[in-house]
Amino acid sequence: MSATRLLGATALALGVAAPFAGTPASGGKAADAIDVAALARMVAARQDHVSAIDLARWIRDQRPGLRVIDVRTPEAFAHFAIPTAENIPIERIPGARFGDEEMVVLYSEGGAHAAQAWVFLKAAGVRNAVFIAGGLGDWFDEVISPVLPADPPPGQAARIAEVTEISLYFGGTPRRAAPGETSTAASSDSDTAALIANARRRGC
Amino acid sequence: MSDSLLLAVLIGIAFGVALEQAGLGNAAKLTGQFYLTDFTVMKVMLSAILTAMLGAFWLGRFGLIDPAQVHVPETFLWPQIVGGMIFGVGFALAGLCPGTACVSASSGRLDGLAAIGGLFAGVLATGLAFPALAGFYGSGARGVVTLPATAGLPEGVVVLLVVLAALGVFRLIATREQEG
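Those protein sequence lines, which keep their order, are chains A and B.
Per my numbering, numbering of the first sequence is gapless, rising by one per residue and ending at 303.
Per my numbering, numbering of the second sequence is gapless, rising by one per residue and ending at 191.
Excised from the complex, chain B in its bound form:
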């Protein structure tokens, strides 16, 4: 096993532990986000975005990582809009996303196991139907789209704006939780 694969296993385990610790293996907690009764998902997501963004930004500035080597997935507008909607419906129905389904199943929850079964069935069905979907799969190609390039702002300014937005949302959630 190569070093990067070994690293992936370790990071994956840490990711799973962090999700379970945050309570995200619990479908009821996840669906609470959709009904705006539980903001754990929002808080975990924003924390992860801030950590990853500030980490990648400052590690790059200090020369510890090469930002040019970080893979940015390309944008395919139409398939990503449709795929995102299907993903959202599945997320709200099952109460689990792929990562949290793995965590849920690992901790012995049967709904997590069922969600993983559905996940593999969906992957298989998409693979089998791919010849018919291929045209749509590549439609609306926009290349690599990033916030700084789209907004025409320096990367550092976008980092600051995202930090401010996230902290603002944290404050809103805290206020709401105190009231409730």
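Okay, chain A solo, but in the shape it has when bound:
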């Protein structure tokens, strides 16, 4: 057998044996560790949350695979919940299982618990998960009682009509802003920060 063939045969033998070698003694750590840098990039790129109005649109449109998860207590959930939501209290989140094709939307009272639940799910390898940044406060501000601009700038009429329609779909009461009042129907989805600031100011 030539040296070349011997090397080839050795490589083949080592390759064939590889699938039966099991997991390395200490190498498993790297696979199990949370990729914190990747999570931080998702947060920076705003891929970790959606606005309440987006969630409302997904629910109305019956987005395939959508699972709305309320991480509050069963008592709070029984009192009020976003339509179609399931109740998985935060302490049970680590044991929850979600499929790769499912889109998990988390919410809590203020947003902090939902954000923490998001980290837990991401650490567990759940592929599609987001949360409502401002919690139920956002839901009420953006969907149930949206304040629409008194005289909308041109080009926003379609969006305002859509917000109105979504709000009415969920039994909300959209209304026009009084003079000097800020609208909660954001001109674009990137205005969520402004919306939340607005909600905070009004004490929600």
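In case anyone wonders, no lab produced these hints; they're calculated from the structure.
One thing to keep in mind: the hints can contain errors.
Claimed, not checked - Covered by chain A, per the in silico footprint, the following chain B stretches (three or more residues, Cβ under 8 angstroms):
#1 60-69
#2 149-155
#3 169-180
Idealized CB from N, CA, C, for every residue including glycine.
Since the structure of chain A is already known, use the hints to place chain B on it.
Okay, now just chain B, sitting in the frame of chain A:
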């Protein structure tokens, strides 16, 4: 000089000797790969990949190295695609890559020396232009991407598949060389 630096020098010398022995200090031989007339580059690369992969895999399994300590570079999609294309154009034009340019220059070839001059000029230009490139430099970040994680297969299975693919290519090249 620390032990790891000393080790790096020794490994670097061995790497250079291996490249020169394989004939990869010769630009004509390297460009032959791009025209599919000389498969030395392919054979050397695949041999190196197999050796390194099987070595890292089995040394890890026997506990001689800690796989978790092996640095896996992160993927930045867009800059790596554009950078790879620029690298490829330079490789085909000069007939040398950075490693083989060093080997070529060390063995007294002037084209190797010129390629090293171009290499440092490119590094300098990139460094000076970096403020303008910084946004692009970090774009398309995907974190650490590995074949087993992407394919959802156990590491050992991926090792076997790569071995089979490499041996298959070796067989193809051998057949082609016999015919030619």
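The hints, checked one at a time:
1. 60-69: Since 4 is at least three, the answer is holds.
2. 149-155: holds (count 3)
3. 169-180: holds (count 7)
The structure is consistent with each of the numbered hints, conforming to all of them.
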